[in-house]
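**Q** Chains as they are written, first to last, in the numbering used here: chain L, 1 to 346; chain Z, 1 to 346; chain P, 1 to 346; chain F, 1 to 346.
These aren't lab readings, by the way, just hints derived from the structure by calculation.
Hints may be right or wrong, so weigh each one.
Taking lysine to any residue pairs in the SDA-like style, the calculated list, with each CA pair at most 20 Å apart, reads [what the hints assert, rightly or not]:
no., chain 1, residue 1, chain 2, residue 2
1, Z, Lys186, F, Gly184
2, P, Lys186, L, Pro60
3, F, Lys36, Z, His190
4, Z, Lys186, F, Asp168
5, F, Lys114, P, Pro297
6, Z, Lys186, F, His190
7, P, Lys36, L, Arg185
8, P, Lys186, L, Leu189
9, Z, Lys186, F, Arg262
10, F, Lys186, Z, Ala183
11, Z, Lys116, Z, His208
12, Z, Lys114, L, Pro297
13, L, Lys114, Z, Glu37
14, F, Lys114, P, Ser300
15, Z, Lys36, F, Leu189
16, L, Lys114, Z, His208
17, L, Lys186, P, Pro297
18, L, Lys186, P, Ser300
19, F, Lys186, Z, Ala187
20, F, Lys186, Z, Pro297
21, Z, Lys36, F, Gly207
22, L, Lys186, P, Gly51
23, Z, Lys186, F, Lys30
24, Z, Lys261, P, Gly51
25, Z, Lys36, F, Gly184
26, L, Lys186, P, Lys186
Over the 12 Å line for every Cβ pair with chain L, so calculated as not near, a few chain F residues [what the hints assert, rightly or not]:
no., residue
27, Met1
28, Ile2
29, Pro76
30, Gly179
31, Ser181
32, Glu188
33, Gly227
34, Pro236
35, His277
Calculated Cβ distances over 10 Å to all of chain L for the following chain F residues [as the list claims (entries may be wrong)]:
no., residue
36, Gly39
37, Ser48
38, Pro60
39, Gly140
40, Asp198
Heads up, the beta-carbon is just placed ideally off N, CA and C, and yes, glycines get one too.
Protein chains: 4
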Amino acid sequence: MIKAGIVGGTGYTGVELLRLLAQHPQVELKSITSRKEAGTPVAAMFPSLRGRVGLAFTQPGAQALRGCDVVFFATPNGVAMGEARAILDSGARLIDLSADFRLRDLAEWERWYKLKHAAPELVAEAVYGLPELNREKIRGARLVANPGCYPTATQLGFLPLVEAGLVDLDHLIADAKSGVSGAGRKAELHLSFSEASDNFMAYNVPGHRHWPEIRQGLAQAAGREVGLVFIPHLAPLIRGIHATLYSRVTREGDFQALFEKRYAGEPFVDVMPAGSHPDTRSVRAANVCRIALHRPPQRSGRSDTLVVLAVIDNLVKGAAGQAVQNMNLMFGLPEAAGLGQLPVVP
Amino acid sequence: MIKAGIVGGTGYTGVELLRLLAQHPQVELKSITSRKEAGTPVAAMFPSLRGRVGLAFTQPGAQALRGCDVVFFATPNGVAMGEARAILDSGARLIDLSADFRLRDLAEWERWYKLKHAAPELVAEAVYGLPELNREKIRGARLVANPGCYPTATQLGFLPLVEAGLVDLDHLIADAKSGVSGAGRKAELHLSFSEASDNFMAYNVPGHRHWPEIRQGLAQAAGREVGLVFIPHLAPLIRGIHATLYSRVTREGDFQALFEKRYAGEPFVDVMPAGSHPDTRSVRAANVCRIALHRPPQRSGRSDTLVVLAVIDNLVKGAAGQAVQNMNLMFGLPEAAGLGQLPVVP
Amino acid sequence: MIKAGIVGGTGYTGVELLRLLAQHPQVELKSITSRKEAGTPVAAMFPSLRGRVGLAFTQPGAQALRGCDVVFFATPNGVAMGEARAILDSGARLIDLSADFRLRDLAEWERWYKLKHAAPELVAEAVYGLPELNREKIRGARLVANPGCYPTATQLGFLPLVEAGLVDLDHLIADAKSGVSGAGRKAELHLSFSEASDNFMAYNVPGHRHWPEIRQGLAQAAGREVGLVFIPHLAPLIRGIHATLYSRVTREGDFQALFEKRYAGEPFVDVMPAGSHPDTRSVRAANVCRIALHRPPQRSGRSDTLVVLAVIDNLVKGAAGQAVQNMNLMFGLPEAAGLGQLPVVP
Amino acid sequence: MIKAGIVGGTGYTGVELLRLLAQHPQVELKSITSRKEAGTPVAAMFPSLRGRVGLAFTQPGAQALRGCDVVFFATPNGVAMGEARAILDSGARLIDLSADFRLRDLAEWERWYKLKHAAPELVAEAVYGLPELNREKIRGARLVANPGCYPTATQLGFLPLVEAGLVDLDHLIADAKSGVSGAGRKAELHLSFSEASDNFMAYNVPGHRHWPEIRQGLAQAAGREVGLVFIPHLAPLIRGIHATLYSRVTREGDFQALFEKRYAGEPFVDVMPAGSHPDTRSVRAANVCRIALHRPPQRSGRSDTLVVLAVIDNLVKGAAGQAVQNMNLMFGLPEAAGLGQLPVVP
């Protein structure tokens, strides 16, 4: 049994980790920390876990996590970078669900996150935890930077095109829609039901922190810088990301075959039949990315735009599920262990 | 007082017309027809109108509409084209909220609507009722083709750019999101709460009937054919369209000033300050289109993509409200008469 | 024109007052205060009011409200009681949408609101602003305590029964469901979309502040103390209260006729045909309470329980609309002036 | 491995059975029938099952189900009664999720379901599948009538009180709220998103088919007829039932202890600490009923009303999950086998 600890377990990625790890056959939940809730039984805060998770939150600190084989950070940005060194020194591996180790370019990271980075040397060591891109490196990693939710859907949707170099890499467009849980478990007015329900809007159009992360991943795949317009939207759903991805075809090919081949064998990427319209609920609460390809009409007799639709559950394949997938890889378990939950429909 | 009739008043555009016309100071609701509900008091079907609308539905037919100055068709596609001639011959004017008279190219219309057109000569006469594009023609029209909901938001968002010729007209992209009421008042499984709630999806990506309508309007404005990729999405809101419009800048300019000038004096188009994020609820239940412009980051030091955000209430500026606006123009009333309702927030 | 001021206009009752007063033909919005937002244009905070409300928020204080004929307090509990005296001394009338003047029993008020009351003498003067109960007193009032949302629906549903003494007054039950906007415009976790959406729960079952308010009103109508179990629930809608009211019949009668007679002539209470099921959307955004009566099956051949269903929009008939109705009465205007908006359906 | 068949697998209880059985370690899904969809792969209709359920729908009939150890009927009312005999004769056991075998009083059944019963002798044999009431009988049953969703929540909430005889059995009140999926996977206008969203209403107040079912179960527990007022409401959530249950205390006792003792050892009933407010999402997608007790204020110094709050997921503990629980009992498996999914929160 792998002994797992969670730092900062009171947010949505934290409780989702709890849901998944509590059902994982090879994991023992050993401790979960929260400065604010130390002493509170986890199930008192999350009644959905009553009878199934017996732990109480404990004070953060090395003591709390002693003996863990793996520690998940489900903390706000800026926390993991300060504590990672001690965790790693204790012999545990670390999977960070925050953004602290996602960007390799420190200056870029500091510009977007408005913090001085506390552990530059670990940035260099960290592996970006998108298994479909970096599986082998993840297996050997001590420190995995778990991708953001938008970056997961967007990169998985663009990867085959970018790797094959069939589209204009200077003009990618990602029009992405996210459910409200993507913003975290927060008391903020604009996230309140009365504000966010029966409403739809774009936000952070002038710049979103996931933009450099996506560009970094696509650049790695392309072997060159890419141009990307990324427009996030807030949709009135709890979970789910729908990325509508536009690219201009520069060289024709059998795109459907390209995607099917690229993701053949991937346990958590589902390339649907051409012409499908994946919906977010078809992945609700499950660790799957579903993808479909389209060539929509554009003008009489001519069309050079390829549209990729990609959906994930932002809390699962976009966060906690992918973290468990990374853990499985890091510890040599079957990649799908503990991730067999079927989507909840309706 | 203008005597108004409504044909097919049991759908959402019909009941929205009732809501608006019942509060219009210069309109007398004279009759409303429905084959299926003839004899039923309108307020029995729509309790929201109890005490305010005393009419009952009557059998359709010329008799029912005798004496009307204006007749609104809120019928499924294919009905108005068969009855328009008789209405016009009776001396009434006609505003068709269906698609029967929207496309000037008959072959195109028949291809998309899979019907033989019953009144080709009236297609030639009909005026496309987007006041911001065709105001003067609408004033003199006997027959107005009220625009579709997506086409209203999309055209208003693209018009200034297309008229000024500052963007690549072969590669416009409209990523549009609609609330569920846009599909009409229908018993269809995919529109049910259990299917559509907490869910998000694209639909009709291979081809949507509003695509040729938008292209026709933009071509008129551009003086040439345009290329447009149009991807509609179903969002879990009742009312509201959010169009995210992408175009590639071919000639730089002060786009904010361009839009402000183009829509100066327009009573129902609101160009918001640069950098705004209009949300659909800010126009809920009101006859307004709000627009905001952005130049999002794209790649280091270069960006040639302009993003326009445009929101409307699909049942008001996208249907019944625009129809009343057209009626006001046709009858020489103040353009905003009866359209003063403020958006309902929250 | 009546000059109106609003104190604390940044909450939902405040913006709803703005929506209604901006459309009121005999009201001039003179000032609106907010300590926190002083200087901010109202339409910058609420884009739905762009182009229609030109005011900016101003610092609270007597200066800001000088010259007002009426001042609305849309403030948190405990504010109005401290400022009411100065407002009244300036010659203006005051309508308080908070709870400061609702309970005549000071000790009871202090127990529930956990504050020392700052203006006991005004409590004695204040008139409880439920027009259907206190219309004549409201006409002459300087200070009106606008009822709470639950109390409005519950009292209107029980009043005819309690006045007629046909039911067991010791065992009334109000099972009430409220939309989330009833909790105000607040950044609180349990009100967030991710928590409140797709969810249903009772809350404050051990005691809710509206319980003594309802009991006070019903006691006034009954001429004796009443026993009431009041269970509020949070439902995932923005606006709307649905009260399901249970009482045990002690003397049979024609209850439908009783209600119809009691509310004949009431402009904002709609007694629906027996057997109706009023839904909250049928009053959405409108100043109406709809009521329907039922005698459901109970056991073979016997039934002594009467069920009353009552729905309102908590922000209109349950708050801002009722406040405008009270203003109309206080100033001798037609009671329905400015309250003609039809419900927004769908 | 138990070989399982499903008759009528295209509704919500059917797809939920698929979700649960596909994850059940001791079940092999052998066949699933649908007259209308015969030949269609299950995963084509429900993409959430892609890659996990390889079956296609087959024509109904004995052939299709040959070799099954257990057959679940997830059909509309009136189907199972015609086919049950043949299934049982084939040696399989049968769990009927419809209402065909729930009421022991045939005349009552025929009155409420407006059909002539086709298998009266099986009504006598059938066991009502509420494990907390009939566990031992279920173990030995060939034919189990799986309870309705409202009846499950309502009976579990009232059972301890009724068995102990501490409340007035002539005046029970169940104010129940259901998510929309409780109405089934149907194309009906009143269930559409545009109608049911942002709305709340009571329905079927004059009589709901679950009323006699609840009364039957409570009468069995009480040993006498009970009086019950049952008011169902439609709430804008997908899944979830919240029952607010009122009873008048006739004999005081430690109700909290009573409930805890009654349900000690029950794997799927969770008696929460006194004063809790269970919410529907705390059981979302899981086979649990959570219960909390309250004694709310009623009038000065006196209170004789006990309030029980009970929540379930209508598709799990209220349908498919309970069916699997019954199957486990009938086949001697651990009662919780395959039912370990944790609730999905948020």
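**Q** Minimum Cβ separation between F:Ser181 and chain L greater than 12 Å?
**A** Answer for F:Ser181: violated, closest chain L Cβ roughly 5 Å.
**Q** Beyond 12 Å from every chain L Cβ: check whether that's true for F:Gly179.
**A** Given a closest Cβ separation of 9 Å, the condition is violated.
**Q** With the threshold set at 20 Å, check whether the alpha-carbon distance from Z:Lys36 to F:Leu189 stays at or below it.
**A** 15 Å, holds
**Q** Check whether the Cα positions of Z:Lys186 and F:Lys30 lie no farther apart than 20 Å.
**A** 36 Å, violated
**Q** For the pair supplied as a hint, Z:Lys186 and F:Asp168, confirm whether the alpha-carbon distance does not exceed 20 Å.
**A** 46 Å, violated
**Q** According to the definition I'm using, a residue is off the interface if its beta carbon is farther than 12 Å from all beta carbons of the partner; does F:Met1 meet that for chain L?
**A** 17 Å, holds
**Q** If you draw a straight line from the CA of Z:Lys36 to the CA of F:Gly184, is it 20 Å or shorter?
**A** 26 Å, violated
**Q** With the threshold set at 20 Å, check whether the alpha-carbon distance from L:Lys186 to P:Lys186 stays at or below it.
**A** 12 Å, holds
**Q** Would the pair L:Lys186 and P:Ser300 pass a check requiring their Cα atoms to be no farther apart than 20 Å?
**A** 52 Å, violated
**Q** Does the claim that F:Ser48 lies off the interface hold, with its Cβ farther than 10 Å from every Cβ of chain L?
**A** 4 Å, violated
**Q** Does Z:Pro297 sit within 20 Å of F:Lys186, going by the straight-line distance between their CA atoms?
**A** Status violated; Cα separation ~45 Å.
**Q** At 10 Å, judged by beta carbons, does F:Gly39 keep clear of chain L as stated?
**A** 17 Å, holds
Taken one by one, the earlier hints fail for this structure at numbers 2, 4, 7, 9, 13, 16, 17, 18, 20, 21, 22, 23, 25, 30, 31, 34, 35, 37, 40, listed in ascending order.
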